[in-house]
Amino acid sequence: MFEAIAFYLFAFLTIAMFYITVTTSQALYALTALAAGMIFISAFFFILGADFLGAVQIVVYSGAVMALYAFGMMFFDTTREVKEKQGNKLIIFGLSSVAAVLLVVIFATPIVSDNITALYPMTEGAGNTQEVGMVLFTKYLVPFEIAAVMLLVAMIAGIVLAGKKMDQSLTLMEEDEIRHMRDEQNKKVLL
Amino acid sequence: MEIGLNHYLVLSTILFAIGLVGVMRRKNLLMLFFATEILLNSVNISFAAISHYYGDLTGQMFAFFVIAIAASEVAVGLGLLIVWHKKHNNIDLEQMSTMRG
Amino acid sequence: MELFLYTALFAPLVGSLFAAMFGARPKTKIAGIVPSIMLGVSLISSTILLVLVLTTGHTVHVEMMTWMATGDLYIPFGFVVDQVSVTMMMVVTLVSTVVHVYAIGYMDHDAGFNRFFAWLSAFVFSMMILVMSDNFAGLFIGWEGVGLCSWGLIGFWYKKESATWAANEAFIMNRIADLGMLIGIFLVYWNTGTLQYDGAFAAMPGLDTATLTWIGIFLFVGAMGKSAQFPLHTWLADAMEGPTPVSALIHAATMVTAGVYLVVRSNELYALIPNVGLFIASLGAFVAIFAATMALVNRDIKRVIAYSTLSQLGYMFAAAGLGAYWVALFHLMAHAFFKALLFLGGGNVMHAMNDELDPFKMGGLGKTMKGTMILMTLASVALAGIFPLAGFFSKDLILEVAFIDHHFIIYTVLLLTAGLTAFYSFRIIALIFHGEDRHTALGFHPHEAYKFMLWAMAPLAVLAVIAGALKGSYFEMVTYVLPATEYHVHSATTYWIMTIGTQLFVIGAIYFAYKKYMSKDIKVPDGTSKMENSFAYKLLINQYYIPYFYEEYLVKPYRELSTLCWTHIDQKVVDASVDGIAKAFYATGENTRAMQSGNLSTMLKWMVAGTVALLSLAVVFGLAAKYSGEIKLFLSGLGV
Amino acid sequence: MLDHILSILVFFPALAALLGFVVHKDSMRSYGVAVAAIEFALALWLWFAFDNNVSGMQFMETIALIPTFGINYIVGVDGISLFIIILASFFTMIGIASLTDTKDVKNMIITLLFLQMTMVGVFVALDAMVFYVFWELSLVPMLYIIGAWGGPLRIYASVKFFLYTFAGSLVMLVGMLFMAYFYYQATGQWSFAILDWYRLILPESFQLWLFVAFFIGFAIKVPMFPFHTWLPYAHGQAPTIGSVILAAILLKMGTYAFIRFSLPLFPDASVFFMFPIAILAIIMIIYTAMVAYAQKDIKQVVAYSSVSHMGVIIIGTFALNVEGISGSIFLMIAHGVVSGALFLLVGVIYDRRHTKLMSEFGGLASVMPRFATIFGIMMMASVGMPLTINFVGEFLSLLGFYQQSHILTLLAGIAIIVGAIYMLAAYKKMFFGEVTKEENKNLPDVNKRELIALVPLVIITIWLGIYPKPVLGPINTSVEAVVQLMHEKAITEEAKSRIPSLDIIINKASAKEVQ
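Residue numbers (the working numbering), protein chains in the order written: chain A, 1 to 191; chain B, 1 to 101; chain C, 1 to 640; chain D, 1 to 515.
Accuracy of the hints is not assured; some may be wrong.
Said to hold, decoys possible - Straight-line C-alpha distance at most 30 Å; calculated BS3-like pairs for lysine-lysine:
#1 A:LYS89 x B:LYS27
#2 B:LYS86 x B:LYS27
#3 D:LYS496 x C:LYS29
#4 C:LYS572 x D:LYS296
#5 C:LYS556 x D:LYS296
#6 C:LYS160 x C:LYS572
#7 D:LYS106 x C:LYS160
#8 C:LYS530 x C:LYS520
#9 D:LYS429 x D:LYS448
#10 C:LYS361 x C:LYS160
#11 D:LYS106 x D:LYS448
#12 C:LYS605 x B:LYS27
Simulated from the structure, these hints should not be mistaken for laboratory data.
It should be emphasised that the depicted structure is a prediction, and the values quoted were computed from it without experimental measurement.
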């Protein structure tokens with residue numbers, strides 16, 4: 001009973017948050033809603049007994065990713081209106097729904113016909129974190145290491161990409177200055 | 001009222017749909033990234049749910065890797081976004097048409 | 001003996017190649033003399049062979065080398081000199097030699113002198129192959145070879161449009177017949193397993209009548225083309241565009257008789273299928289009168305003689321069709337002599353008249369051209385069949401054959417034709433040599449031909465006179481090979497009535513011709529006289545409108561259909577559909593290019609759409625795999 | 001050296017072509033002639049060393065390439081391919097020797113030498129994959145020859161040629177892969193060797209599908225109606241040398257492949273499709289002859305006449321008896337010689353007047369008598385005059401097919417009529433009549449270089465017309481083996497009866513001897 005209430009509550013909240021994220025025109029609202037949604041999702045993980053995953057969700061998403069976005073947004077002129085030309089809404093919603101339903105069907109079919117056997121069954125009596133650790137560092141060790149390398153690469157890439165010309169900030173520059181700088185760049189390209 | 005796997009799958013579907021809507025209709029590149037996060041998360045929910053209901057940890061493992069990938073994606077993506085913004089002073093999808101065939 | 005055979009065969013080839021060496025150079029007498037000498041050599045060899053065959057009754061059969069050999073098929077270059085082929089060899093070499101010598105004078109002023117002799121000797125060589133070959137394939141070599149040389153010689157004056165047109169017409173029309181011949185040869189091969197005459201004919205009695213009939217028909221189709229039988233006859237009259245010696249040699253004495261030779265050669269086959277024989281005889285009789293009527297009114301001496309040839313070929317086929325092969329061959333021989341003579345005489349006249357061919361513009365030429373007149377009159381008398389010249393013995397014999405075999409319709413037709421023959425022969429004799437002098441007014445100054453040309457014609461004249469006397473020994477000789485049917489009218493009274501009646505009829509016709517065309521009021525026709533406007537005259541002068549019909553309903557439609565095939569079917573249907581496929585690809589590319597707008601948002605939408613499509617496929621296949629049993633059941637229920 | 005003569009024949013021109021890049025432009029022509037002459041001499045040596053009494057493959061070489069999938073470099077010749085190889089080397093030689101002053105002669109000769117490699121490769125290959133590789137490679141030099149040295153529409157023509165034939169061969173490739181797969185299923189081993197495939201007896205339904213797949217590839221190459229439209233464009237735009245090689249050798253690949261693949265691999269399907277293909281061939285013969293008659297351009301006449309003659313070759317091939325198949329192979333060689341010569345002749349006149357329209361000529365017989373004579377001989381050969389090379393082939397092809405069908409042979413025989421019509425009409429337009437055009441009055445006759453190319457062709461035309469045995473003998477031996485193989489492999493009753501068994505024939509012959 002408690003589980004059901006929690007599920008429906010968080011389901012409602014998550015959907016609402018994400019809905020705001022994709023519909024609002026204010027980037028700040030969107031970011032906030034997204035962060036909230038992420039946290040609500042972690043709730044599902046706790047309900048499902050994946051405690052460690054839930055923790056990671058909160059730490060990575062709500063902590064790291066959202067912080068990154070927040071910092072990133074400081075570079076952009078978030079107040080500026082991005083013109084959102086709307087196409088045919090019906091197509092968009094239709095396509096999305098169909099794609100989603102199909103995905104579910106595909107995933108659900110083997111489940112419904114019950115021919116899945118657990119590859120790495122949960123060990124009785126061990127905590128979720130312990131189990132995860134056992135599997136992660138045995139069977140998934142190589143992917144885990146690769147993921148680590150990938151994260152490192154991504155981090156360096158992010159720094160290098162974003163760190164170029166950190167001394168200049170378009171938001172702080174006057175329009176004339178910007179134009180002048182652009183002309184300079186164009187000249188370089190032309191030469 | 002028992003909450004079953006199907007509930008989670010339906011929830012995941014709805015979230016996925018919302019994510020797709022975002023991907024398709026937002027023109028702000030930043031919003032696109034947000035929508036992508038939604039997509040990834042909706043999948044994560046199903047992974048976790050399946051993992052739970054089948055007593056198999058593989059689902060959770062996948063969820064971990066998805067999160068790792070999402071993090072890398074954000075890092076690189078944001079970096080590129082900043083470079084783009086510096087160059088063009090906008091992050092509008094409509095303006096990115098150098099791939100016109 | 002093989003030496004003589006090879007000499008007779010290859011001497012003309014040597015002569016031809018010799019003349020061809022001078023082909024591109026200015027005219028030299030030697031290019032004419034050497035081929036003539038080579039033909040003389042060939043003639044002597046043939047005569048020796050003839051004597052040999054005549055005296056000993058031996059035949060010479062040699063196999064020179066293999067030509068084609070594959071699978072079961074074995075075709076050698078084999079040659080046979082037997083009673084039939086030696087007769088033909090004699091005819092061919094004799095007439096050729098005469099014509100060659102004559103042509104040295106006739107072609108004296110022509111720039112293509114050397115080329116002419118190269119072709120002419122090549123023709124003789126082909127003709128020798130045709131008559132000497134011991135198998136159907138060899139016959140076909142000669143058959144096509146004479147066609148080729150005929151093409152080259154009809155179109156000898158290649159600058160004349162009409163000459164080249166006639167050459168092509170002759171070649172193509174012969175080709176049509178050759179296809180029939182080829183099919184006949186295939187039939188012979190697949191049914192008897194060999195193309196050698198002896199083997200094939202030996203196997204034929206064992207075949208069923210239907211097959212034999214088909215073989216007979218197809219071979220005869222080949223013969224029809226070469227011998228210009230209806231409906232493939234139009235080329236012969238047009239072939240008169242060639243130089244006159246060519247007409248004499250090819251289109252009177254030798255090539256056109258190849259068809260008769262083929263039927264005679266295949267007598268063992270045709271003896272088995274009398275129905276086809278009767279058809280051949282009927283067609284022959286029809287062609288005889290058909291051609292004779294056209295000759296009645298024609299105003300071109302060469303064409304008149306050509307129609308006369310056609311008519312006489314009809315006689316030969318009538319005889320051959322009725323089974324009187326030796327008679328047909330005899331008439332072939334006799335006809336070769338007097339018809340070649342007639343043509344050569346015509347050539348003299350042409351020369352004298354600067355290539356004018358309308359006899360109405362001549363008249364009274366007898367005064368200046370006595371020699372020619374005598375020779376031509378002699379030939380015409382022989383042609384008309386007056387006793388005791390050659391025509392009497394050969395042609396009247398054919399009439400008797402028809403009579404004795406109770407084919408009275410054929411007999412009547414042939415008898416009527418005999419009268420017509422006499423009439424038109426003497427019509428042109430009268431118009432050319434007798435009567436008023438009409439040519440001086442038109443500015444012609446005729447002169448007699450070279451003496452040696454007349455002397456060259458003399459042997460033919462002699463033979464035209466005495467050929468009848470050879471009948472006895474000839475009969476004895478050829479009946480070694482051909483069925484020796486003697487044709488005697490049973491009652492002596494009937495025989496005398498027939499003979500004398502025919503003679504009187506013919507003489508009457510000659511008298512009528514002289515009377516009509518010797519008169520002083522003969523004018524050059526200008527299309528105003530009553531006769532010229534009559535329907536019958538128009539029908540005859542236009543050759544029953546058959547050439548017109550061919551031109552309008554065969555040649556033109558073929559040309560138009562060809563153009564249609566090219567411009568419409570080939571370019572607009574076949575090629576266009578190929579290009580259409582290519583264009584469809586192009587158009588697909590052009591139209592879907594808009595999809596690649598470069599707009600990331602649109603591309604994202606496409607991406608999602610693609611994902612959806614792929615996912616649906618996955619679902620469909622998954623379901624299909626899952627329910628494959630049920631689907632099969634369902635489909636089988638539907639009857640798929 | 002004799003053990004590797006085939007590999008030498010294949011790769012010597014290619015190596016020589018590579019070396020050709022460093023040869024100076026001025027000495028390139030003599031270099032090319034020398035290389036081609038050596039190649040031709042090697043080909044003649046091959047003929048000399050060839051054992052006429054052996055029906056199977058000779059001079060075989062095997063080098064493993066991808067043994068796991070049974071793809072090996074296997075080459076060999078038999079009587080069927082021997083003479084086409086000689087013809088290919090011969091035509092490359094006289095083609096280079098008679099090459100007129102084209103731009104960029106060096107690259108042209110290099111391209112020709114590469115082309116020669118691919119041509120010889122196709123005819124010696126005994127592994128389907130090697131065959132396919134050479135088959136496709138042959139398109140590339142030809143693409144360049146048409147596209148770089150061709151007429152105004154050359155790009156269109158070359159691309160059409162390339163894509164059309166390429167599309168066809170892809171279907172053929174699928175067929176080959178299936179064939180190899182069936183072989184794998186039957187024996188548990190992969191093999192692309194044609195001789196291995198010969199041993200495989202397939203059910204009739206498989207045969208039908210595979211036959212169709214191979215047929216599409218070959219038919220486009222031949223080219224059979226209605227796949228022929230690339231040919232007039234290719235010929236019309238190609239330079240003389242391109243047309244010569246295309247007509248003389250490249251077209252023969254299709255008909256050769258029919259005999260090498262379709263007949264022995266799928267005897268039942270061959271019988272099944274015999275009449276449809278014969279009907280197509282007859283349409284091809286008559287229809288293209290009519291189209292040829294309507295042409296205004298002499299080169300197009302010769303191009304369409306090629307198609308028409310290829311129809312007779314097809315008829316002979318699908319006679320499925322020794323006479324027909326031997327005839328069709330002989331006709332391939334004959335047609336190569338004759339149409340090659342005709343294209344060379346058209347090239348001669350094109351070099352002088354830079355036009356190919358027949359209406360521009362007329363009366364050439366008096367201006368260029370030697371040219372007219374050679375053209376006349378070749379025309380008569382093309383028309384199928386006995387004692388010329390073409391007649392032997394046509395006669396045997398039609399004779400062979402007559403055993404299968406009377407009516408269809410009669411229709412196919414119309415070839416000799418319609419062939420005469422368009423050829424004589426074209427000859428008349430060009431050579432007969434008065435010289436009407438001022439430019440034509442002083443045209444020089446064929447010169448020495450052209451005679452060097454043309455006279456050997458005339459000699460071959462007449463020599464093989466009179467004495468075809470040196471060529472027909474080896475062909476016959478190999479064809480008998482093919483027919484026997486087909487008879488033994490045939491499953492259906494009809495095929496057994498349609499394809500003659502040589503045992504019976506041999507018995508008959510011995511029976512005759514006994515009598």
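**Message:** Under the constraints set out in the numbered hints, which ones does this structure not fulfil?
**Reply:** Per hint list: 3, 6, 7 violated.
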